[in-house]
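Chains as they are written, first to last, in the numbering used here: chain V, 60 to 202; chain S, 120 to 299.
Derived by calculation from the structure, the hints in this document are not laboratory data.
For each residue, glycine too, the CB sits at the ideal point set by N, CA and C.
Be a bit skeptical, because a hint or two may be false.
Derived CB-CB ranges, DEER-like [unchecked claim]:
{"id": "1", "chain 1": "S", "residue 1": "281", "chain 2": "V", "residue 2": "152", "range": "29 to 39 Å"}
{"id": "2", "chain 1": "S", "residue 1": "140", "chain 2": "V", "residue 2": "132", "range": "34 to 44 Å"}
{"id": "3", "chain 1": "S", "residue 1": "264", "chain 2": "V", "residue 2": "171", "range": "43 to 53 Å"}
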Amino acid sequence: MLRASLVATLLMLGATAHAIDAQDAFDDPVLQERYENINRELRCLVCQNQTIADSNATLAQDLRREVRDMIAAGQTDAQIREFMIERYGDFVLYRPRMTAGNLLLWAAPALLLLIGAIVLVRVVRRRAQETDLDADGPEAGQS
Amino acid sequence: MAKFVIPFALFLLLGVFLFVGLQRDPSYVPSPLIGKPAPQFSLPSLQDAAYPVSSQELLGQPWVLNVWGTWCGGCRQEHDTLLAIARQKTVPIVGLNWKDDNALAQQWLRDLGNPYAVVAEDREGRTAIDWGVYGAPETFLIGPDGVVLFKHIAPMTMEVWNKEFLPRIEASRAAAGSQS
Chain V
60 MLRASLVATL
70 LMLGATAHAI
80 DAQDAFDDPV
90 LQERYENINR
100 ELRCLVCQNQ
110 TIADSNATLA
120 QDLRREVRDM
130 IAAGQTDAQI
140 REFMIERYGD
150 FVLYRPRMTA
160 GNLLLWAAPA
170 LLLLIGAIVL
180 VRVVRRRAQE
190 TDLDADGPEA
200 GQS
Chain S
120 MAKFVIPFAL
130 FLLLGVFLFV
140 GLQRDPSYVP
150 SPLIGKPAPQ
160 FSLPSLQDAA
170 YPVSSQELLG
180 QPWVLNVWGT
190 WCGGCRQEHD
200 TLLAIARQKT
210 VPIVGLNWKD
220 DNALAQQWLR
230 DLGNPYAVVA
240 EDREGRTAID
250 WGVYGAPETF
260 LIGPDGVVLF
270 KHIAPMTMEV
280 WNKEFLPRIE
290 ASRAAAGSQS
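Chain V on its own, in the form it takes in the complex (with noise of 0.2 Å):
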């Protein structure tokens, strides 16, 4: 029983793995190994949850033949991004990247942070003060 589950597990993970062209874009594994990253990265527009790679829209077809023929071509993974980025806008990456318009959100973790420490300092240090007061009556505040 054991067995047959993990053999079907295995088989789903198997099932997903697997790239969704008929067959490989390229015979050279580096390749096409770069060619699936390059697809995992890209957003199907029409089905935004997707990626190019686990889409079978026609636009990702579409948009997987280009980054296949610009593969082909030679160009680099960041000349693809940048052609995807042009026509798209950031939207089509999965990853995004940090733009000037972006910039707060990037930045939104590290300001709260700042916030709250500011707080946290505060807040201490008035208790701080007001436990002194209780401690040591009136002259502690002429120090």
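Given chain V's structure and the hints, the job is docking chain S onto it.
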């Protein structure tokens, strides 16, 4: 007092953000092409493959590029609006027939009427990718200087045409006129 005011203000701010977020259409992707030179193309004409349609020939006047296909329901929906717009003769409407069957596309124009000054056939879908097209129908407005002025994603309506396209067409003509 501040104890309550600050969290309440933050709550209101968050509410505003969420409310604005609700109104926005997540399937709308703003085009990075706006304000940039329109991608050039030279494609066979739908009706006569020997006759190429080139974006270069359209320079010097504002024009509209409408991306359509017979497989596209929204294109059927907007077709009568396109015909009405074409009758106004404000600007030429250039069709980009996107990944379609030539015979079906020609039949469609015979049956429903042809609003296009000319139709370019993009069977491979490469020109559509150059224009950042992701879902037909999409309609672009290009200025006399060849710069993309506006993009409408979804079926065209008279309201959108009057509100978004016409003012931009007039402004682009005025700008081009003052330069010459």
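Hint check results:
{"no.": "1", "hint": "281/S x 152/V: 29 to 39 Å", "result": "holds (36 Å)"}
{"no.": "2", "hint": "140/S x 132/V: 34 to 44 Å", "result": "holds (41 Å)"}
{"no.": "3", "hint": "264/S x 171/V: 43 to 53 Å", "result": "holds (45 Å)"}
Of the numbered hints given earlier, the model fails none.
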